[in-house]
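Undergrad: Fit chain B to the supplied structure of chain A, relying on the hints for placement.
Protein chains in written order, with the UniProt record's numbering: chain A, 1 to 210; chain B, 1 to 140.
You may find that some hints are simply not true.
Selected chain B positions facing chain A (Cβ under 10 Å, derived; list incomplete) [stated by the list, open to error]:
id, residue
1, G19
2, G93
3, F99
4, T112
5, N128
Just so you have them, the derived chain B footprint on chain A, three or more residues with Cβ under 8 Å [as the list claims (entries may be wrong)]:
id, region
6, 60-73
7, 150-161
Pairwise CB distance ranges, derived in the manner of DEER restraints [to be verified]:
id, chain 1, residue 1, chain 2, residue 2, range
8, A, G77, B, Q50, 16 to 26 Å
9, B, G69, A, V106, 40 to 50 Å
10, A, H155, B, Q50, 24 to 34 Å
11, B, A2, A, G107, 33 to 43 Å
12, A, A149, B, G30, 16 to 26 Å
13, A, D81, B, S27, 19 to 29 Å
14, A, Q67, B, S51, 36 to 46 Å
15, A, L179, B, G30, 42 to 52 Å
What the hints contain is simulated information worked out from the structure, not anything from laboratory work.
Since the structure is predicted, the reported quantities are computational estimates derived from the model, not experimental observations.
Where a beta carbon is used, it is the ideal one built from N, C-alpha and C, also for glycine.
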Amino acid sequence: MSHRQNDPGRRGLDRRRFLTTAALGGATIVGASALGGLDADAAFAAPMPSLDPAISRSAFAEGRITQIKGSVLEVAGSHGDQHLIQLTNATSIWKLRTTTADQIQVGDGLYARGVDMPDGTIAADAVWVNIVNLYCTVKGIAKDRLHLAHGAQDHAVVGHIVADTTTASYLGGALTSDLSRVRIGQSAQILGAWRPADDAIDIARVTVGH
Amino acid sequence: MACGSTSLWAGETTWFCCGSAWGPCGSAGGGACGTCNSSAHQAAWPNASQSCWNITRPDLCGENMARRGCGSVMNVKHQCSGATVCVTVSDCGPRTQSFCGESTCCNGACRTNRVIDLTPAAFSAIGNLSSGKLPVYIYE
Numbered sequence: 001m002s003h004r005q006n007d008p009g010r011r012g013l014d015r016r017r018f019l020t021t022a023a024l025g026g027a028t029i030v031g032a033s034a035l036g037g038l039d040a041d042a043a044f045a046a047p048m049p050s051l052d053p054a055i056s057r058s059a060f061a062e063g064r065i066t067q068i069k070g071s072v073l074e075v076a077g078s079h080g081d082q083h084l085i086q087l088t089n090a091t092s093i094w095k096l097r098t099t100t101a102d103q104i105q106v107g108d109g110l111y112a113r114g115v116d117m118p119d120g121t122i123a124a125d126a127v128w129v130n131i132v133n134l135y136c137t138v139k140g141i142a143k144d145r146l147h148l149a150h151g152a153q154d155h156a157v158v159g160h161i162v163a164d165t166t167t168a169s170y171l172g173g174a175l176t177s178d179l180s181r182v183r184i185g186q187s188a189q190i191l192g193a194w195r196p197a198d199d200a201i202d203i204a205r206v207t208v209g210h
Numbered sequence: 001m002a003c004g005s006t007s008l009w010a011g012e013t014t015w016f017c018c019g020s021a022w023g024p025c026g027s028a029g030g031g032a033c034g035t036c037n038s039s040a041h042q043a044a045w046p047n048a049s050q051s052c053w054n055i056t057r058p059d060l061c062g063e064n065m066a067r068r069g070c071g072s073v074m075n076v077k078h079q080c081s082g083a084t085v086c087v088t089v090s091d092c093g094p095r096t097q098s099f100c101g102e103s104t105c106c107n108g109a110c111r112t113n114r115v116i117d118l119t120p121a122a123f124s125a126i127g128n129l130s131s132g133k134l135p136v137y138i139y140e
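Just chain A, same shape as in the assembly (with noise of 0.2 Å):
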């Protein structure tokens, strides 16, 4: 990372004006990362600089694809609001990895985070679709999913084993393909994109507790 990365102030600065411009129409494409919106499960706690100083708050939007218009999603929030998300050049999309705008469908879910545009819409800086990170208890084991139960009502949910894809992590240790210390009964964080066609989720990472 250059030193010029490393001035959070600089970098805000340059993050803004390139989302601005991005989502005019006038950006030269680089990669995400030199934003800092760019995920990667072996980046885990990576610093993010804020958006430029001079905005208190990033904008956030979350809700479901009702409609793509091109680089537009069009989100109905949870809570009855709308939200027009515009992709850019410098948007950072997450569904299940890091992967391009040709992989949103209408129908998913999403959490996106940018900058508010004068025409009403969020510039995006990042868009998780599908993700959900939740507490589990694990309640079986088979050779492609895990049983899971969440929540205050032990709600069942299928968690699929996605090959070359979810890694467990013992304890906050380092990243592994090996499921194999994966216990009935154990507690787990389950970090993956949930499938709204059947309702389970695709699991990035489990995180075991004890």
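TA: Chain B only, in chain A's frame:
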């Protein structure tokens, strides 16, 4: 109540969903305070009440943070980036005792044990949701 700068605690933060929501979060409800909302800058604190403490039991991991009930305000700061977010306690959590000894690091410095949970709006203000957890300082 304003967000202060007096040091309160340090450790890991994770994120959770609550209130009206899509997917499996739809069953989460309004949390222990009845006001929890994923879109608001809110947090869950492991000592929000005695009954909360009895569930989270951070003392079993050596964490004996003070009681701060519903409506308490905290400033949560990313240990490395310095990004901050002001949050209101709106739920009980995380279950610290279930992950005793877990640590999260950045720039070679680590924070141990889950001591606060943030809503998606709050967590994403200081980090990326896909990281799942962050090392933070907490002020009030």
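Undergrad: Please go over all the hints and tell whether each is borne out by the structure.
TA: Hints versus structure:
1. Given the 10 Å rule on beta carbons, the hint for B/G19 holds: about 7 Å separates it from the nearest Cβ of chain A.
2. For the restraint placing B/G93 at the interface with chain A, the shortest Cβ-Cβ distance is roughly 8 Å, inside the 10 Å limit, so the hint holds.
3. Given the 10 Å rule on beta carbons, the hint for B/F99 holds: about 4 Å separates it from the nearest Cβ of chain A.
4. Hint status for B/T112 relative to chain A: holds, with the closest Cβ pair at about 8 Å, below 10 Å.
5. The closest approach between the C-beta of B/N128 and any C-beta of chain A is roughly 5 Å, which is under the 10 Å cut-off, so the hint is satisfied.
6. Figure legend: the region 60-73 of chain A, annotated as covered by chain B; annotation consistent (5 residues with Cβ-Cβ distances under 8 Å, at least 3 required).
7. Closer than 8 Å: that is the beta-carbon criterion, and the region 150-161 of chain A has 6 residues meeting it against chain B, so the requirement of 3 holds.
8. For A/G77 and B/Q50, the Cβ-Cβ distance of about 35 Å falls outside the hinted range of 16 to 26 Å, so the restraint is violated.
9. Distance hint check: the CB atoms of B/G69 and A/V106 are about 42 Å apart, consistent with the given range 40 to 50 Å.
10. For A/H155 and B/Q50, the Cβ-Cβ distance of about 26 Å falls inside the hinted range of 24 to 34 Å, so the restraint holds.
11. Hint check: B/A2 to A/G107, Cβ distance near 41 Å, so the stated range 33 to 43 Å holds.
12. Roughly 20 Å separates the CB atoms of A/A149 and B/G30, a value that falls within the hinted 16 to 26 Å.
13. Checked against the given bound of 19 to 29 Å, the beta carbons of A/D81 and B/S27, roughly 21 Å apart, stay inside it.
14. In this structure, A/Q67 and B/S51 meet the distance hint of 36 to 46 Å, their C-beta atoms being roughly 44 Å apart.
15. Checked against the hint of 42 to 52 Å, the pair A/L179 and B/G30 fails, with Cβ atoms roughly 34 Å apart.
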